[in-house]
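*Asks:* Take a look at the letters that make up each chain.
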Amino acid sequence: MVYLDNAATTYPKPASVAQAVYDFMKDKGANPGRSGHKMSMAAAYEVYACRSAAAEMFNADGPECVAFTLNATHSINMALKGVLYKKGGHVITSDLEHNAVMRPLYKLSERGVRFSKAYVSLDNDDETVAEFERLINNDTVMIACTHASNVCGKILPIKRLGKLCKKYGLKFLVDASQTAGVIKIDMKECGIDYLCMPGHKGLYGPMGTGLLITSEGEKLHTIIEGGTGSNSESYSQPDFMPDRLESGTLNAPGIAGLRAGMRFASKILSGGIELSEMEYARTLYKSLSQIDGVELYTPLPDDGYVPVISFNIRGVASGELASALDKYGFALRGGLHCSPAAHERFGTLHRGMVRASFGAFNTKRDAIRLSAAVAQLAKQMKK
Amino acid sequence: MSREVIKVSGQYIIVSSITYAYKGKEILERKGIRASVERAPTEISECGCHYAIRIGNASLDRAIRILDHAHIKIISVGGGNYGIS
Chain A
1 MVYLDNAATT YPKPASVAQA VYDFMKDKGA NPGRSGHKMS MAAAYEVYAC
51 RSAAAEMFNA DGPECVAFTL NATHSINMAL KGVLYKKGGH VITSDLEHNA
101 VMRPLYKLSE RGVRFSKAYV SLDNDDETVA EFERLINNDT VMIACTHASN
151 VCGKILPIKR LGKLCKKYGL KFLVDASQTA GVIKIDMKEC GIDYLCMPGH
201 KGLYGPMGTG LLITSEGEKL HTIIEGGTGS NSESYSQPDF MPDRLESGTL
251 NAPGIAGLRA GMRFASKILS GGIELSEMEY ARTLYKSLSQ IDGVELYTPL
301 PDDGYVPVIS FNIRGVASGE LASALDKYGF ALRGGLHCSP AAHERFGTLH
351 RGMVRASFGA FNTKRDAIRL SAAVAQLAKQ MKK
Chain B
1 MSREVIKVSG QYIIVSSITY AYKGKEILER KGIRASVERA PTEISECGCH
51 YAIRIGNASL DRAIRILDHA HIKIISVGGG NYGIS
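Quick mapping for you: the protein sequence lines, in order, are chains A and B.
With the first letter of the first sequence counted as 1, position 295 gets the number 295 in my numbering; the numbers rise by one all the way through.
With the first letter of the second sequence counted as 1, position 38 gets the number 38 in my numbering; the numbers rise by one all the way through.
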């Protein structure tokens, strides 16, 4: 099987990740930050070490700024609802968002929060930034947007959007689901107040791990309260990070695996592991563009994209094509990718797209074999 | 900064959470101070829910100054022969 669904979750994970999960469960499987015995302390140190690594990787103020969550959606909900707990306010998002951003915004709109969708240009960042700026009004409190689209791979100019937020005194939330571990992200350089990400995609950790990194966690209204192993004499949620945002037992085995995954991702980002995912994505794009009946939705991806190529065969439903490719041994995702906003923008809300997304373990051969399979299917399926 | 020091065997600084305990330990070790993270002794934490940094080869005064400087909130302090001026 050729796995090309890395935008949903990376697979395979490095062997070190599975080993770290196993080692934790075998040797340190106590509850971290709850007890004082040696195994609990060892578990707590493992969690702390992952916090520190995340803070360093994303240039956060310190390990206490890193809250562990279940996934990016959980992080985004905590940040959006934590800031917008009062009635009203206006948020600017993009027209390429995942439902991880759109659904919380829709929910918040029930209590008077308004939001606007900025058009993201696929080849001109000046236009994108101007569009975000045009939508700012007196009620705007935040820009909340994806770093890169999970549908078309377009990277948004977050450094420039961060400057815009600073200029207008807005909070800046970034959904780094497709970029954390794939592109270097410096929170300070980009002016990010809330950086939300999954642990199981570009960071190569296990599913059920996520991060919310913020220096402003103490100010967030909480959406979950409970035991933290600290301030236990009080019925009030702690007012300090990360405990304020981490009620209940953490996924410590997952966090141990995440730490190993982050080491792997950091090696890639620092150039210690040679990767050519974008080259493979471009190879696929060029081959697909030569096939009669294949529809592509972006220009040839350059450095402004992550390695995601979405396509269709004219007249064929994306689910049908994805199933056919599965029979040929290719794991891709058809449908709407939980991003109806992006599909609305591309005019594919009725049929979706088939998405090929590359990860660290793909090869150029995968791209070539996929395009050959698509060429064959295009002949068979074209209507 | 003046703080009451509770009599206890060993030198302990209680901080708000285990995250700050490990952070404080790292900061102190970078300054050459031996430190470890432990559950706080009952003499200084009756509820038994706090974590403390146990200080080795330095005075509590110095360790407290370093942690204050790093903006690590100190909940309470316990020591045997050391006082805070």
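Wrong hints could be hidden among the right ones.
[Unchecked claim] Here are the simulated EDC-like cross-link-like pairs (lysine to aspartate or glutamate), alpha carbons at most 20 Å apart as the crow flies: (1) Lys38(A) with Glu26(B); (2) Lys73(B) with Glu218(A); (3) Lys188(A) with Asp23(A); (4) Lys73(B) with Glu216(A); (5) Lys38(A) with Asp61(B); (6) Lys166(A) with Asp126(A).
What the hints contain is simulated information worked out from the structure, not anything from laboratory work.
*Asks:* Next step is simple, just say for each hint if it's right about the structure.
*Replies:* Checked hints:
no., hint, in the structure
1, Lys38(A) with Glu26(B), "18 Å, holds"
2, Lys73(B) with Glu218(A), "14 Å, holds"
3, Lys188(A) with Asp23(A), "34 Å, violated"
4, Lys73(B) with Glu216(A), "17 Å, holds"
5, Lys38(A) with Asp61(B), "28 Å, violated"
6, Lys166(A) with Asp126(A), "17 Å, holds"
The structure is inconsistent with the numbered hints 3, 5, although it conforms to all the rest.
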